[in-house]
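Colleague: Chain by chain, the residues run as shown.
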Amino acid sequence: MLSRVANSLYWMSRYIERAESIARLVDVNLQMLLDFRNLDDATLNAHWMPVVQSSGDEELFRKLYPRTTGQNVTEFMVFNPANNNSIVSSIGQARENARMVRDQITTELWEEINRLYLFLHSPRATKLWRESPSDFFQTIRNGSLLLQGLTDATIVRNEGWFFIQCGRYLERADKTSRILDVRHASLPAHGAPADPSQADALGWSAVLRSCSAWDAYKALNGAEIQPALVAEFLLLSDDFPRSVRFAVRHLNTALRRISGVHEGRFSNEGEKLAGRLLAELQFSTAEDIFEIGLHNYIDVLQGKLNAIGEALFQAYIFQPFQTPDDNELRQQEEQQQQAGPQAGLR
Amino acid sequence: MPTSTPARPAADLPAPFRQYDTGGFYDEMLETNGQVRPHYQHFLKHFGAVTPEEFAAKRSAVDLSFLRQGVTFNVYGDSKGAERIFPFDLVPRIIPAHEWEHLEAGLVQRITALNLFLHDIYHEQNIIKDGTIPAHYVMSAKHFRREFMNVNVPRDIYIHVCGTDIIRDDKGQYLVLEDNARCPSGVSYVLENRRALKRTFPAIFEAGGVRPVENYSQELLKVLQHTAPAGVAEPTVVLLTPGVYNSAYFEHTYLARQMGIEIVEGRDLLVRDQHVFMRTTKGLQPVHVIYRRIDDDFLDPTVFRKDSALGVPGLVNAYRAGNVSLANSIGTGVADDKVMYYFVPRIIKYYLDQEPLLPNVQTYLASEDADKKYMLENLDKLVVKAANEAGGYGMLMGPHATKAEREDFRKRIEADPRNYIGQPMISLSRHPTYCEGEGFAGRHIDLRPFILYGEKTTIIPGGLTRVALRKGSLVVNSSQGGGSKESWVLYGNK
Chain Y
1 MLSRVANSLY
11 WMSRYIERAE
21 SIARLVDVNL
31 QMLLDFRNLD
41 DATLNAHWMP
51 VVQSSGDEEL
61 FRKLYPRTTG
71 QNVTEFMVFN
81 PANNNSIVSS
91 IGQARENARM
101 VRDQITTELW
111 EEINRLYLFL
121 HSPRATKLWR
131 ESPSDFFQTI
141 RNGSLLLQGL
151 TDATIVRNEG
161 WFFIQCGRYL
171 ERADKTSRIL
181 DVRHASLPAH
191 GAPADPSQAD
201 ALGWSAVLRS
211 CSAWDAYKAL
221 NGAEIQPALV
231 AEFLLLSDDF
241 PRSVRFAVRH
251 LNTALRRISG
261 VHEGRFSNEG
271 EKLAGRLLAE
281 LQFSTAEDIF
291 EIGLHNYIDV
301 LQGKLNAIGE
311 ALFQAYIFQP
321 FQTPDDNELR
331 QQEEQQQQAG
341 PQAGLR
Chain R
1 MPTSTPARPA
11 ADLPAPFRQY
21 DTGGFYDEML
31 ETNGQVRPHY
41 QHFLKHFGAV
51 TPEEFAAKRS
61 AVDLSFLRQG
71 VTFNVYGDSK
81 GAERIFPFDL
91 VPRIIPAHEW
101 EHLEAGLVQR
111 ITALNLFLHD
121 IYHEQNIIKD
131 GTIPAHYVMS
141 AKHFRREFMN
151 VNVPRDIYIH
161 VCGTDIIRDD
171 KGQYLVLEDN
181 ARCPSGVSYV
191 LENRRALKRT
201 FPAIFEAGGV
211 RPVENYSQEL
221 LKVLQHTAPA
231 GVAEPTVVLL
241 TPGVYNSAYF
251 EHTYLARQMG
261 IEIVEGRDLL
271 VRDQHVFMRT
281 TKGLQPVHVI
291 YRRIDDDFLD
301 PTVFRKDSAL
311 GVPGLVNAYR
321 AGNVSLANSI
331 GTGVADDKVM
341 YYFVPRIIKY
351 YLDQEPLLPN
361 VQTYLASEDA
371 DKKYMLENLD
381 KLVVKAANEA
391 GGYGMLMGPH
401 ATKAEREDFR
411 KRIEADPRNY
421 IGQPMISLSR
431 HPTYCEGEGF
441 AGRHIDLRPF
451 ILYGEKTTII
461 PGGLTRVALR
471 KGSLVVNSSQ
481 GGGSKESWVL
491 YGNK
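Chains as they are written, first to last, in my numbering: chain Y, 1 to 346; chain R, 1 to 494.
You may find that some hints are simply not true.
What the hints assert, rightly or not - DSS-like cross-link-like pairs, simulated, lysine-lysine; straight-line CA separation at most 30 angstroms:
#1 Y:304 with R:58
#2 R:282 with Y:272
#3 R:58 with Y:127
Since the hints were derived computationally from the structure, they do not count as laboratory data.
No experiment lies behind these values; they were computed from the predicted model shown.
Produce the entire structure from the sequences given, and follow the hints as far as they go.
Modeller: See below:
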């Protein structure tokens, strides 16, 4: 498989997963606001800023928007093309990558990505978002779920498939941990958290719902929301498909299927780091994590996930393509347009 | 130009066509007396029964499906990545068997002669030595690659894929307008349009006697494999694309998928010891045949344009060494030069000792004194074209131009006569076309058949029919209001 193709499949998959996570996160937090009594700027800021921070784009947001309102945050995280992690940007980049490997993916998958992209750029999308945000987010989520289903149902289980899996699970582990981190301000820096206040409990249930984990959590732990149990569930559950441990387990398997190296061994840096991280998650408890402090723990975890992504790139895209600067990109684009003057149909 | 008397609307036409007016042009569907030509009768019987509502619904369904599939081209100069579909008119253009046989024979003759010509001018240059073509015309052709003198190309094939543009004049005679011997595009539209029309009007195809076009991709793959370097039993064939921003990118992925080959960009390839490899997740893998959809200029920054960001350094050397094959070969652009076009009838005569089956449009060369004089005196009647432009650019439509535009071209011709030719204005044949607000109306069309030259020469029946959607316009290019049509070649004559 061409290295560039592997790279594109990986990113296509990551961006689809990312768009879905953002849709869920913004949707849940919008709904949560409905339960608030007074919505002054300070309350709004306290509610929304962690959401913005969770995607690491706080600085850009502050530059673009004077107030931290729900309207602004959704605009920023959903439609703003200046935000590389907005839903519009993510789906746009998923499609760009899909287009580069148009010959490698199925027609169904391509058409669905394309459909979602065209929808987001249509006036219908903005209208739906204004009139019924939750229907809007449902559409995005459904689009992404349909894409995942199509991927599962139509893509051949070859090397390309495992790159798609790597992208999906790496992104999922990262996003779940970031969503969990949204509530860190309400926790002590170290040690076990106290029983949450009613408002805090609402916040923690929003975290669960942002990860589609509400039902699964209740089935396991009952209706009472305990921060320690939430964190344990989202980080360490072996069975819940959006937990970090579950995602890392699948990531680890996909990496090994690419190289053919068995569990317990490794042939490259990525496999070493993924195996090590999986073992650590398998042999940790919530107490261990709170001992370190949830925020610190998640910080380190994200560093490890990044390192795995980096190592994956080094191993397979082994003669790295230089990332061209803006000028080179523009020149390349121009030349691509000129390169067949008989593009003919012009 | 309208020459005949205005046509009378024939009473026996189906309702949607009652108002149809041939306007005195050669009409593909109707004879001058308003009778339906025999090869359109079966079609019209079915098509005429479609109600306007049904037709509108089918049109928007087809447009939507093209948009969904991403069968789009990028709009040049729009960095926001605006994409458009290439407008597709649902009324097919129909060619009866006897006309197609004539076209086919003429095109085979032409590509055969052009390949012999290219081999000759890159080797012995007999045609120049014998005085059939003046040397300076060949040497001064913009795309003549002197670097390629005496290089042997696999199986002596230069043009593997050719997209020749054909028009019909006011008498209905088929004429060659230009040869596209570099990397002609458009074939994916032929294949996609056919699929779309079959889905939309399945009943018309039943017992319609239309020849299929599906096997183009297999034939293309055969041609590419045929040109593999000697001694390679199972060649790896790839398609080299400029990238996603190229207007024909959809076509590149389409063809690669149909042929089951990798689509690569320049950065996916590298050259070691004059062999070409692609970078894969399992390391480097050799490449033997490259179907390149990039112009010569961008192929290899060490030989041609130094600033090319799309090429593969060292590729030309690997090609010279015979370790990789390119389709089309390097240097075929010389055959696209509009001055060389003037000589094609002589080229056919010289190499094949035959009269050309498909005539050229009458052409004047500005670098010949008598022709130049005639051109400058008749700028208001002629079409003037730059020798190396395509896509309807660098062109003066004398009769429609302003005085200032004609003056501009007068200066250009005098400054650089080698680079200009003149042709009489041909009033292209017209075809019923659905036009917003007008219903079915006559619009000018051309035809681009796709010719594959390998072990044998194959032409898929028909080709791409382009239509000038603007009223009265003769320019069929998509950047200037052009669209496409299905082209049907019938098994029989009606």
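Colleague: Name the hints, by number, that the structure is in violation of.
Modeller: 1
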